[in-house]
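Chains as they are written, first to last, in my numbering: chain B, 1 to 543; chain W, 1 to 364.
These aren't lab readings, by the way, just hints derived from the structure by calculation.
Just so it is clear, the structure is predicted and the values come from calculations on it, not from any experiment.
One should not assume that every hint holds.
[Stated by the list, open to error] From the derived model, a few chain W residues whose C-beta atoms are all more than 10 Å from chain B: (1) Gly107; (2) Gly222; (3) Pro225.
[Unchecked claim] Using 20 Å as the maximum straight-line C-alpha spacing, the simulated EDC-like pairs for lysine to aspartate or glutamate come out as follows: (4) W/Lys75 - B/Glu13; (5) W/Lys68 - B/Glu517; (6) W/Lys68 - B/Asp532; (7) W/Lys65 - B/Glu535; (8) W/Lys67 - B/Glu13; (9) W/Lys67 - B/Asp243; (10) W/Lys361 - W/Glu351; (11) W/Lys364 - W/Asp278; (12) W/Lys65 - B/Glu13; (13) W/Lys68 - B/Asp522; (14) W/Lys189 - B/Glu13; (15) B/Lys286 - W/Glu351; (16) W/Lys364 - W/Asp291; (17) B/Lys110 - B/Glu13; (18) W/Lys68 - B/Asp243; (19) W/Lys75 - B/Asp537; (20) W/Lys75 - B/Glu495; (21) W/Lys68 - B/Asp537.
[Claimed, not checked] Covered by chain W, per the in silico footprint, the following chain B stretches (three or more residues, Cβ under 8 Å): (22) 86-99; (23) 460-466.
Glycine included, every Cβ here is placed at the ideal spot set by N, Cα and C.
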Amino acid sequence: MAHHPAHADHAPEPDYIRAKKGIMSWLVTVDHKRLGLMYLASVLFFFLVAGILAIALRTELFTPGQDFMSAQTYNKVFTLHGAIMVFLFIIPSVPAAMGNFLLPLMLGAKDVAFPKLNLLSFYVFSVAAIMFISTLVMGSIDTGWTFYTPYSTATGGAATMAVFAVFVAGFSSILTGVNFVVTVHRMRAPGQTWDRLPLFVWAIYATAVIQVLATPVLAITVLLLGLERIFGVGIFDPALGGDPVLFQHFFWFYSHPAVYIMILPGFGIISELLTVHSRKHIFGYKAIALSSVAIAIISFLVWGHHMFVSGQSELAGIVFSFLTFAVAVPTAIKVFSWVATLYKGSISYTTPMWYGLMFLWTFTIGGLTGLYLGTLSIDVHLHDTYFVVAHFHYVMVGGTVVAFIGGLHHWWGKMTGKMYNEKAGAIGALLVFVGFNGTFLTQFFLGHQGMPRRYYAYLSEYQFLHQISTIGSWILAAGLLWTMIYLLHSLWYGEKATGNYWNATSLEWHTQSPPIEHNFHDTPHVTGSPYDFPEIDKSGATH
Amino acid sequence: MILGLFGAPKADMVGTEQMSADPWALLPAASTNAQAIDTLYVFITALCGISMLGVVGAQVYFMWKYKKPANGHRKTSPITHNGRLEFIWSAIPALFMIVLFAWGEIGFVEQFSPPPDAINVRVTGQKWDWTVEYPDYPGAVLSSSSAVPTEEQQKQLQAAGEWGEDIIDRKPTLIVPTGVPVRLTLTSKDVIHSFYIPVFRLKRDAVPGRYTTYWFEATQEGEFPLFCAEYCGDEHSSMIGYVKVVSAEQFEVELKEATKLEQKDAESLADFGKRVFDRGGCKTCHNIDNDEAKTGPSLKGIWGRSEQLTDGSTITADDNYIRESVLDPNAKIVSGFSPQMPSFAGRFNDEHITALIEYLKTLK
């Protein structure tokens, strides 16, 4: 809750989209909202591209044999699908797109701490994206998004360019992370103590810390891989005297924390959606905020659970398994707290709320199936099968992407000034829910049946489950296309959004939609929790 | 779609029965390890089922019970936290995590601690087949290189109208007895592969430049598929074969039968040589139908060809040079290639090599 100092009426001020005109005003903008919107357009474009690739893969898998893709093509397509989704969509999706837009608004600030650095970060990301896309005309890559050595050392194509694209993208991630950490420390509104921060801010903060600490390791790793490919320096390739398992250690030392770079911001969004649309104070604010920090710390100590069967020592496997279970506890606490938040609320079935509720289903499956994989002896069976594919899609898509789409609807009016159609939104959410579960629930069974991942053709006994999965993916694609269409439609034909269309309390709702260029006419002063809704019964009668 | 019917590693091509007729059921458990794993698997599934029911049940109940009234909002609960409840729902999962960790750890340690009387088997991965050697049984070497034809070979076979099971030299990748522990030692010649036997619930990566091991004791006779589970390039999906589990009494007989490589009655020396060539997995590194070099030089037109060697001298590929190249491959390396070929001394006897030379003569 916040109050504004009494002030004279302001002259009407144009919003940030109309404040300046011309293409140059966008290309050199240092406005965090415009940069957020530019990131949003970029990541949605890459989501579309990598999504089309995913549908191509699923369609190829409709029959056991070769349909329209050769083995080589399939290998390139699954590599591109994974690499684009991870590096150009999910990692920048919530932090760079929504974080940029919302963080200063939620803090009552005019902008991030270093606006020019923010612009640089966007251009670094763009360069990385162009480098990555250029691999398509350089013979493409077939290494998988994990670039495992020595395969990636020896394979042809554009693997060198691809790893340098990842290297450059990492710098964008680091710059954004540094910017956000400083912003949260230095730019909070008067009265906004750490326990009055929206949980989205806590989540973005924990994410930014991981980005700053973990991404340099990825940069070093891909740099070493590049050196090996170009100069033949023996680091990972045993033929040159290197150690291929060392690469996996380096890679997962970054990429496991990166999983939390991908999911923590989603957690933040869910905390906002479930409270606003049930008019309830979040249950267990401190537990949720601190569990984000706990997850951020433990996430650095679990990388070896990707390597239980890789040839690392059994003792290392045992330690990593223990730490992996340790990370499950704070995650469970979050899920229970979210469900408890719904208790005695007043739930509106808006599109963001449908996605919030969907998340509780899909993410819980994603989390629970992690227990199978964290259990050492079971992982030996399930490792590198479709069970793993299903598990991480439940976390990445059922977690992050569902939260992202929910957040997109929640703040759509704030960002664009236009409201989407609620009925269309509900239909889209239903299609996404049915399609997503159809696609990936079956894959747990495929995995247990022994179906290995990254196979373009398979034994015919797996056909039935593969076909359900493929049909599910078509429904999911229809739901996402439908969502894209009505959201675009709303830009021209949608109702105008009011300043606080959800009647919410955090600071981004204390300015008009879309906000003015400097966010607020006057610095807001925070006097209470961001989840202190007027509907909450303070009389003590509902206890 | 039509292509799809042919160009697939179909179950009948691997030559095994379906592992499981019902796609939702558990796989057959064909080893002592698999039975132990399944018990734990069922336990976790029950635990997850109950948790899921609890979370989603509460969620759906709240969704129904606390739906917003048609007009306006009702007053909502001011509750913000509950220390006792939060402690309980942290402590109970933590306890279950410790149980799962310990249970999984015990099974894991077991999987990698072979009993001392286990039969030793060496498994070597290479793009895209497995070589399986039994050091305790001299001369016993199995190769899955011909278990599943590559995509290219399938197309050629279709074009030639020679598609049929008899065309494939169908051999198990691995033969093991029931009731006797077997210890696998894995490695790879090129990139990382992973030797995965679903009915035993076991896999481990085959890593170049190091050895990894696991062991099992099979309990059920039959033929079961095995897969490469670590992505290894173009024909990763074809790097499949099968394990044949036989009774302990039959084991040596079956192994001898499967590794036997003898000229059949009325088989020409060149035809026999082709089988030797296939069994050796030679085509992994040598082209035979075009001049393109792979890891090794093309063998098209090899017999009588003059080759320049790395030391600058020239040699004609005659019977003796070919024989030397099979038994001591790195003695004379053709210019432009590196010494990578393994020796076949001990695997191929004189008859094999003679037949092989006759076969190579036919490659023009």
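Hint-by-hint comparison with the structure:
{"no.": "1", "hint": "Gly107", "in the structure": "3 Å, violated"}
{"no.": "2", "hint": "Gly222", "in the structure": "14 Å, holds"}
{"no.": "3", "hint": "Pro225", "in the structure": "6 Å, violated"}
{"no.": "4", "hint": "W/Lys75 - B/Glu13", "in the structure": "36 Å, violated"}
{"no.": "5", "hint": "W/Lys68 - B/Glu517", "in the structure": "36 Å, violated"}
{"no.": "6", "hint": "W/Lys68 - B/Asp532", "in the structure": "18 Å, holds"}
{"no.": "7", "hint": "W/Lys65 - B/Glu535", "in the structure": "17 Å, holds"}
{"no.": "8", "hint": "W/Lys67 - B/Glu13", "in the structure": "39 Å, violated"}
{"no.": "9", "hint": "W/Lys67 - B/Asp243", "in the structure": "58 Å, violated"}
{"no.": "10", "hint": "W/Lys361 - W/Glu351", "in the structure": "16 Å, holds"}
{"no.": "11", "hint": "W/Lys364 - W/Asp278", "in the structure": "18 Å, holds"}
{"no.": "12", "hint": "W/Lys65 - B/Glu13", "in the structure": "44 Å, violated"}
{"no.": "13", "hint": "W/Lys68 - B/Asp522", "in the structure": "34 Å, violated"}
{"no.": "14", "hint": "W/Lys189 - B/Glu13", "in the structure": "69 Å, violated"}
{"no.": "15", "hint": "B/Lys286 - W/Glu351", "in the structure": "78 Å, violated"}
{"no.": "16", "hint": "W/Lys364 - W/Asp291", "in the structure": "10 Å, holds"}
{"no.": "17", "hint": "B/Lys110 - B/Glu13", "in the structure": "15 Å, holds"}
{"no.": "18", "hint": "W/Lys68 - B/Asp243", "in the structure": "60 Å, violated"}
{"no.": "19", "hint": "W/Lys75 - B/Asp537", "in the structure": "5 Å, holds"}
{"no.": "20", "hint": "W/Lys75 - B/Glu495", "in the structure": "29 Å, violated"}
{"no.": "21", "hint": "W/Lys68 - B/Asp537", "in the structure": "15 Å, holds"}
{"no.": "22", "hint": "86-99", "in the structure": "violated (count 0)"}
{"no.": "23", "hint": "460-466", "in the structure": "holds (count 5)"}
Going down the numbered hints, you'll see the structure goes against 1, 3, 4, 5, 8, 9, 12, 13, 14, 15, 18, 20 and 22, while the others check out.
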